[in-house]
Amino acid sequence: MHQVVTRGSSNTTPNIGAAQNISRILREYREIQKDPSPYWCAYPICMDEPYEWHFTIKGPTSSDFEGGMYHGRIILPQSYPFSPPSIMLLTQNGRFEIGKKICLSASNYHPELWQPAWGIRTMLDALHAFFPTPGEGAVHSLDWSSEIRTKLAKDSAKWYCNTCKETNKEISERLCTVDTNISSSLSNPLIDHFMNSIKNVNVTEDETINFTRDTKSLSEENDLECSANNQIEKKSEEEILRDNHPPKSNIPTHRLPPSTSQNFISWNSILLRKPSNIHEFLLFIMDLLVFILFVSIIVCLIKFILQSTISLL
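Using the UniProt record's numbering, read the sequence shown as starting at 1 and increasing by one per residue.
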(Lines of atoms letter the chains of each structure in order from A and count residues from 1; the text may use other names and numbers.)
(Lines give C-alpha, C1' and ligand atoms only; values in the text may rest on other atoms or scores of the structure.)
Protein backbone atom coordinates (compact mmCIF):
# COMPACT_ATOMS: atom_id res chain seq x y z
CA MET A 1 0.00 0.00 0.00
CA HIS A 2 1.23 3.44 -0.87
CA GLN A 3 2.24 5.59 2.08
CA VAL A 4 3.17 9.24 1.85
CA VAL A 5 6.74 9.65 3.12
CA THR A 6 7.74 12.32 5.64
CA ARG A 7 11.43 13.02 5.93
CA GLY A 8 13.30 14.22 8.99
CA SER A 9 13.71 17.96 9.47
CA SER A 10 16.91 19.64 8.38
CA ASN A 11 18.98 22.18 10.29
CA THR A 12 19.28 24.41 7.24
CA THR A 13 17.06 27.46 7.06
CA PRO A 14 14.32 26.85 4.48
CA ASN A 15 14.03 29.18 1.55
CA ILE A 16 10.98 31.42 1.83
CA GLY A 17 10.10 31.03 -1.85
CA ALA A 18 10.41 27.25 -1.67
CA ALA A 19 8.23 27.21 1.45
CA GLN A 20 5.55 29.19 -0.38
CA ASN A 21 5.71 26.82 -3.35
CA ILE A 22 5.40 23.78 -1.09
CA SER A 23 2.49 25.43 0.70
CA ARG A 24 0.72 25.87 -2.64
CA ILE A 25 1.34 22.21 -3.58
CA LEU A 26 0.06 20.90 -0.24
CA ARG A 27 -2.98 23.15 -0.52
CA GLU A 28 -3.75 21.54 -3.88
CA TYR A 29 -3.34 18.11 -2.29
CA ARG A 30 -5.80 18.96 0.50
CA GLU A 31 -8.25 20.33 -2.07
CA ILE A 32 -8.01 17.12 -4.12
CA GLN A 33 -8.61 15.04 -0.98
CA LYS A 34 -11.59 17.19 -0.04
CA ASP A 35 -13.10 17.20 -3.54
CA PRO A 36 -11.79 14.09 -5.36
CA SER A 37 -12.28 13.61 -9.08
CA PRO A 38 -14.28 10.66 -10.42
CA TYR A 39 -11.77 10.27 -13.25
CA TRP A 40 -8.43 10.12 -11.42
CA CYS A 41 -6.61 10.16 -8.07
CA ALA A 42 -3.25 11.78 -7.35
CA TYR A 43 -0.89 12.19 -4.41
CA PRO A 44 2.68 13.38 -3.64
CA ILE A 45 5.32 10.74 -2.97
CA CYS A 46 6.99 12.76 -0.20
CA MET A 47 5.22 15.38 1.91
CA ASP A 48 8.43 17.24 2.82
CA GLU A 49 9.41 17.67 -0.83
CA PRO A 50 6.15 17.13 -2.70
CA TYR A 51 7.54 17.81 -6.17
CA GLU A 52 6.94 14.27 -7.47
CA TRP A 53 3.38 13.03 -7.68
CA HIS A 54 1.90 9.74 -8.84
CA PHE A 55 -1.58 9.35 -10.23
CA THR A 56 -3.96 6.73 -11.58
CA ILE A 57 -6.36 7.94 -14.25
CA LYS A 58 -9.38 6.06 -15.57
CA GLY A 59 -10.02 5.67 -19.28
CA PRO A 60 -12.86 7.81 -20.68
CA THR A 61 -16.18 6.06 -21.19
CA SER A 62 -17.43 5.26 -24.70
CA SER A 63 -13.84 4.98 -25.95
CA ASP A 64 -11.19 2.32 -26.53
CA PHE A 65 -9.85 3.14 -23.06
CA GLU A 66 -13.09 2.49 -21.15
CA GLY A 67 -12.38 0.38 -18.08
CA GLY A 68 -8.67 1.11 -18.22
CA MET A 69 -6.58 2.36 -15.30
CA TYR A 70 -3.35 4.13 -16.19
CA HIS A 71 -0.60 5.06 -13.75
CA GLY A 72 1.75 8.00 -14.24
CA ARG A 73 4.07 10.62 -12.75
CA ILE A 74 3.90 14.39 -12.41
CA ILE A 75 7.14 16.30 -11.81
CA LEU A 76 6.66 19.80 -10.39
CA PRO A 77 9.50 22.32 -10.86
CA GLN A 78 10.99 24.17 -7.89
CA SER A 79 9.38 27.35 -9.23
CA TYR A 80 5.86 25.85 -9.36
CA PRO A 81 3.22 27.27 -9.87
CA PHE A 82 5.04 29.93 -11.90
CA SER A 83 6.53 27.24 -14.16
CA PRO A 84 4.57 24.34 -15.67
CA PRO A 85 4.95 20.73 -14.51
CA SER A 86 5.73 17.70 -16.68
CA ILE A 87 3.56 14.60 -16.90
CA MET A 88 4.12 11.07 -18.20
CA LEU A 89 2.34 7.72 -18.18
CA LEU A 90 3.93 4.50 -16.93
CA THR A 91 1.18 2.05 -17.96
CA GLN A 92 0.92 0.86 -21.57
CA ASN A 93 -2.15 2.45 -23.12
CA GLY A 94 -1.75 2.73 -26.91
CA ARG A 95 -2.28 6.51 -26.91
CA PHE A 96 0.91 7.91 -25.31
CA GLU A 97 4.44 6.54 -25.11
CA ILE A 98 5.30 5.31 -21.63
CA GLY A 99 8.02 7.12 -19.72
CA LYS A 100 7.91 10.09 -22.12
CA LYS A 101 6.65 13.56 -21.30
CA ILE A 102 3.19 14.22 -22.70
CA CYS A 103 2.67 17.32 -24.82
CA LEU A 104 -0.15 19.37 -23.29
CA SER A 105 -0.77 23.09 -23.10
CA ALA A 106 -0.83 22.61 -19.32
CA SER A 107 2.61 20.97 -19.31
CA ASN A 108 6.22 22.11 -19.70
CA TYR A 109 6.00 21.50 -23.46
CA HIS A 110 4.23 24.86 -23.76
CA PRO A 111 5.53 27.11 -20.96
CA GLU A 112 4.26 30.17 -22.84
CA LEU A 113 0.67 28.91 -22.41
CA TRP A 114 0.97 28.02 -18.74
CA GLN A 115 -0.92 30.07 -16.17
CA PRO A 116 -0.18 29.98 -12.42
CA ALA A 117 -3.93 29.72 -11.76
CA TRP A 118 -3.84 26.23 -13.25
CA GLY A 119 -2.78 23.24 -11.21
CA ILE A 120 -2.58 19.47 -10.94
CA ARG A 121 -6.35 19.14 -11.27
CA THR A 122 -6.24 21.16 -14.48
CA MET A 123 -3.51 18.96 -15.93
CA LEU A 124 -5.19 15.64 -15.10
CA ASP A 125 -8.59 16.81 -16.34
CA ALA A 126 -6.89 17.85 -19.58
CA LEU A 127 -5.16 14.47 -19.88
CA HIS A 128 -8.44 12.62 -19.31
CA ALA A 129 -10.14 14.69 -22.02
CA PHE A 130 -7.18 14.26 -24.37
CA PHE A 131 -7.15 10.44 -24.24
CA PRO A 132 -9.77 9.73 -26.97
CA THR A 133 -8.38 12.31 -29.42
CA PRO A 134 -6.28 11.08 -32.37
CA GLY A 135 -2.50 11.22 -32.04
CA GLU A 136 -1.93 12.28 -35.67
CA GLY A 137 1.84 12.02 -35.36
CA ALA A 138 2.14 14.45 -32.44
CA VAL A 139 5.13 14.30 -30.11
CA HIS A 140 5.20 11.05 -28.06
CA SER A 141 1.69 10.16 -29.26
CA LEU A 142 0.56 6.74 -30.49
CA ASP A 143 -2.25 5.65 -32.81
CA TRP A 144 -2.46 1.98 -31.98
CA SER A 145 -5.44 -0.05 -33.15
CA SER A 146 -8.70 -0.21 -31.23
CA GLU A 147 -8.18 -3.91 -30.48
CA ILE A 148 -4.78 -3.33 -28.86
CA ARG A 149 -6.03 -0.38 -26.84
CA THR A 150 -9.02 -2.37 -25.58
CA LYS A 151 -6.77 -5.26 -24.54
CA LEU A 152 -4.35 -2.91 -22.78
CA ALA A 153 -7.29 -1.32 -20.95
CA LYS A 154 -8.37 -4.72 -19.61
CA ASP A 155 -4.83 -5.58 -18.48
CA SER A 156 -4.09 -2.16 -16.97
CA ALA A 157 -5.85 -2.82 -13.64
CA LYS A 158 -3.18 -5.39 -12.73
CA TRP A 159 -0.26 -3.04 -13.47
CA TYR A 160 1.97 -2.69 -10.37
CA CYS A 161 3.88 0.46 -9.35
CA ASN A 162 7.17 -0.31 -7.60
CA THR A 163 7.16 3.13 -5.95
CA CYS A 164 3.59 3.07 -4.65
CA LYS A 165 3.71 -0.70 -3.93
CA GLU A 166 0.18 -1.12 -5.25
CA THR A 167 -1.63 -2.08 -8.43
CA ASN A 168 -3.79 0.37 -10.34
CA LYS A 169 -6.90 -1.43 -9.11
CA GLU A 170 -5.85 -1.17 -5.47
CA ILE A 171 -5.00 2.52 -5.81
CA SER A 172 -8.26 3.24 -7.60
CA GLU A 173 -10.39 1.36 -5.07
CA ARG A 174 -8.68 3.10 -2.16
CA LEU A 175 -8.55 6.67 -3.46
CA CYS A 176 -11.03 7.04 -6.35
CA THR A 177 -14.16 6.71 -4.24
CA VAL A 178 -16.44 9.07 -6.18
CA ASP A 179 -19.45 7.51 -7.93
CA THR A 180 -18.48 7.80 -11.60
CA ASN A 181 -22.00 6.96 -12.82
CA ILE A 182 -23.44 10.02 -11.10
CA SER A 183 -20.59 12.30 -12.05
CA SER A 184 -20.38 11.17 -15.67
CA SER A 185 -24.05 12.02 -16.21
CA LEU A 186 -23.34 15.64 -15.33
CA SER A 187 -21.88 18.11 -17.77
CA ASN A 188 -18.20 18.84 -17.17
CA PRO A 189 -17.57 22.45 -18.28
CA LEU A 190 -13.81 21.94 -18.27
CA ILE A 191 -13.91 18.97 -20.64
CA ASP A 192 -16.53 20.66 -22.85
CA HIS A 193 -14.35 23.76 -23.10
CA PHE A 194 -11.27 21.66 -23.83
CA MET A 195 -12.94 19.57 -26.55
CA ASN A 196 -14.35 22.67 -28.26
CA SER A 197 -10.91 24.28 -28.28
CA ILE A 198 -9.03 21.36 -29.82
CA LYS A 199 -11.58 21.03 -32.64
CA ASN A 200 -10.35 24.34 -34.05
CA VAL A 201 -6.63 23.56 -33.75
CA ASN A 202 -4.52 21.77 -36.36
CA VAL A 203 -2.28 19.35 -34.47
CA THR A 204 1.21 19.06 -35.94
CA GLU A 205 4.16 16.78 -35.26
CA ASP A 206 6.04 19.57 -33.53
CA GLU A 207 3.20 20.77 -31.36
CA THR A 208 0.05 19.35 -29.81
CA ILE A 209 -2.12 22.11 -28.51
CA ASN A 210 -5.01 21.66 -26.16
CA PHE A 211 -6.42 24.33 -23.99
CA THR A 212 -8.11 23.61 -20.68
CA ARG A 213 -8.36 25.16 -17.30
CA ASP A 214 -10.03 24.06 -14.13
CA THR A 215 -13.66 25.05 -13.68
CA LYS A 216 -13.20 27.33 -10.71
CA SER A 217 -10.30 29.28 -12.19
CA LEU A 218 -12.09 29.52 -15.55
CA SER A 219 -15.21 30.93 -13.92
CA GLU A 220 -13.24 33.48 -11.90
CA GLU A 221 -11.18 34.53 -14.93
CA ASN A 222 -14.29 34.83 -17.11
CA ASP A 223 -15.94 37.02 -14.48
CA LEU A 224 -12.87 39.26 -14.36
CA GLU A 225 -12.64 39.41 -18.15
CA CYS A 226 -16.34 40.22 -18.51
CA SER A 227 -16.04 42.95 -15.90
CA ALA A 228 -12.97 44.40 -17.61
CA ASN A 229 -14.63 44.24 -21.04
CA ASN A 230 -17.73 45.96 -19.72
CA GLN A 231 -15.60 48.75 -18.26
CA ILE A 232 -13.70 49.13 -21.54
CA GLU A 233 -16.92 49.17 -23.57
CA LYS A 234 -18.48 51.69 -21.21
CA LYS A 235 -15.38 53.86 -21.39
CA SER A 236 -15.32 53.63 -25.18
CA GLU A 237 -18.97 54.67 -25.39
CA GLU A 238 -18.31 57.63 -23.11
CA GLU A 239 -15.32 58.68 -25.22
CA ILE A 240 -17.37 58.45 -28.43
CA LEU A 241 -20.17 60.51 -26.94
CA ARG A 242 -17.69 63.05 -25.64
CA ASP A 243 -16.04 63.35 -29.06
CA ASN A 244 -19.32 63.66 -30.95
CA HIS A 245 -21.03 65.82 -28.34
CA PRO A 246 -18.47 67.92 -26.47
CA PRO A 247 -19.63 69.15 -23.06
CA LYS A 248 -21.26 72.55 -22.96
CA SER A 249 -19.36 75.39 -21.34
CA ASN A 250 -20.58 76.78 -18.03
CA ILE A 251 -19.34 80.26 -18.98
CA PRO A 252 -22.18 82.69 -19.88
CA THR A 253 -22.56 83.36 -23.59
CA HIS A 254 -21.93 87.09 -23.32
CA ARG A 255 -18.52 86.38 -21.79
CA LEU A 256 -17.38 84.11 -24.61
CA PRO A 257 -15.37 85.51 -27.56
CA PRO A 258 -17.31 85.99 -30.79
CA SER A 259 -17.34 83.04 -33.16
CA THR A 260 -14.95 83.27 -36.10
CA SER A 261 -15.52 81.73 -39.51
CA GLN A 262 -13.05 79.19 -40.88
CA ASN A 263 -12.37 81.34 -43.96
CA PHE A 264 -11.40 84.29 -41.82
CA ILE A 265 -9.06 82.08 -39.80
CA SER A 266 -7.35 80.76 -42.94
CA TRP A 267 -6.81 84.25 -44.42
CA ASN A 268 -5.74 85.57 -41.06
CA SER A 269 -3.13 82.83 -40.76
CA ILE A 270 -1.78 83.73 -44.20
CA LEU A 271 -1.45 87.40 -43.35
CA LEU A 272 0.05 86.91 -39.90
CA ARG A 273 2.53 84.12 -40.50
CA LYS A 274 6.21 85.08 -40.48
CA PRO A 275 8.50 83.74 -43.21
CA SER A 276 11.57 81.85 -41.96
CA ASN A 277 13.53 81.73 -45.27
CA ILE A 278 13.57 83.15 -48.81
CA HIS A 279 11.40 80.39 -50.20
CA GLU A 280 8.70 80.98 -47.64
CA PHE A 281 9.06 84.74 -48.17
CA LEU A 282 8.35 84.34 -51.90
CA LEU A 283 5.37 82.13 -51.14
CA PHE A 284 4.16 84.73 -48.71
CA ILE A 285 4.44 87.47 -51.37
CA MET A 286 2.54 85.31 -53.87
CA ASP A 287 -0.20 84.60 -51.36
CA LEU A 288 -0.40 88.30 -50.56
CA LEU A 289 -0.67 89.23 -54.25
CA VAL A 290 -3.40 86.65 -54.74
CA PHE A 291 -5.21 88.06 -51.75
CA ILE A 292 -4.89 91.65 -53.09
CA LEU A 293 -6.08 90.50 -56.51
CA PHE A 294 -9.04 88.77 -54.97
CA VAL A 295 -9.96 91.88 -52.97
CA SER A 296 -9.55 94.08 -56.06
CA ILE A 297 -11.89 91.86 -58.07
CA ILE A 298 -14.48 91.99 -55.31
CA VAL A 299 -14.20 95.80 -55.14
CA CYS A 300 -14.55 96.12 -58.92
CA LEU A 301 -17.62 93.90 -58.90
CA ILE A 302 -19.19 95.99 -56.18
CA LYS A 303 -18.47 99.20 -58.09
CA PHE A 304 -19.91 97.74 -61.28
CA ILE A 305 -23.08 96.67 -59.50
CA LEU A 306 -23.49 100.07 -57.88
CA GLN A 307 -22.96 101.93 -61.16
CA SER A 308 -25.44 99.70 -62.96
CA THR A 309 -28.01 100.26 -60.26
CA ILE A 310 -27.55 104.04 -60.38
CA SER A 311 -27.82 104.15 -64.16
CA LEU A 312 -31.08 102.21 -64.04
CA LEU A 313 -32.51 104.62 -61.54
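Derived by calculation from the structure, the hints in this document are not laboratory data. There's no promise every hint is true.
Claimed, not checked - The list that follows gives simulated cross-link-like pairs (lysine to aspartate or glutamate, EDC-like), each with its CA atoms no further than 20 Å apart:
#, residue 1, residue 2
1, K100, E52
2, K100, E31
3, K151, E66
4, K154, E97
5, K151, E112
6, K34, E147
7, K100, D48
8, K303, D287
9, K101, E147
10, K158, D48
11, K169, D287
12, K154, D143
13, K165, D155
What the hints assert, rightly or not - Here are the in silico distance ranges between beta carbons for each label pair:
#, residue 1, residue 2, range
14, D48, A117, 24 to 30 Å
15, G137, E112, 20 to 26 Å
16, S86, P36, 31 to 37 Å
17, L312, I278, 29 to 35 Å
Treat the numbers as computed from the prediction; the structure is a model and nothing was measured. Ideal Cβ positions, reconstructed from N, Cα and C, are used throughout, including at glycine.
Results for each hint:
no.	hint	verdict
1	K100 / E52	15 Å, holds
2	K100 / E31	28 Å, violated
3	K151 / E66	11 Å, holds
4	K154 / E97	18 Å, holds
5	K151 / E112	37 Å, violated
6	K34 / E147	37 Å, violated
7	K100 / D48	26 Å, violated
8	K303 / D287	24 Å, violated
9	K101 / E147	25 Å, violated
10	K158 / D48	30 Å, violated
11	K169 / D287	96 Å, violated
12	K154 / D143	18 Å, holds
13	K165 / D155	18 Å, holds
14	D48 / A117: 24 to 30 Å	26 Å, holds
15	G137 / E112: 20 to 26 Å	22 Å, holds
16	S86 / P36: 31 to 37 Å	23 Å, violated
17	L312 / I278: 29 to 35 Å	51 Å, violated
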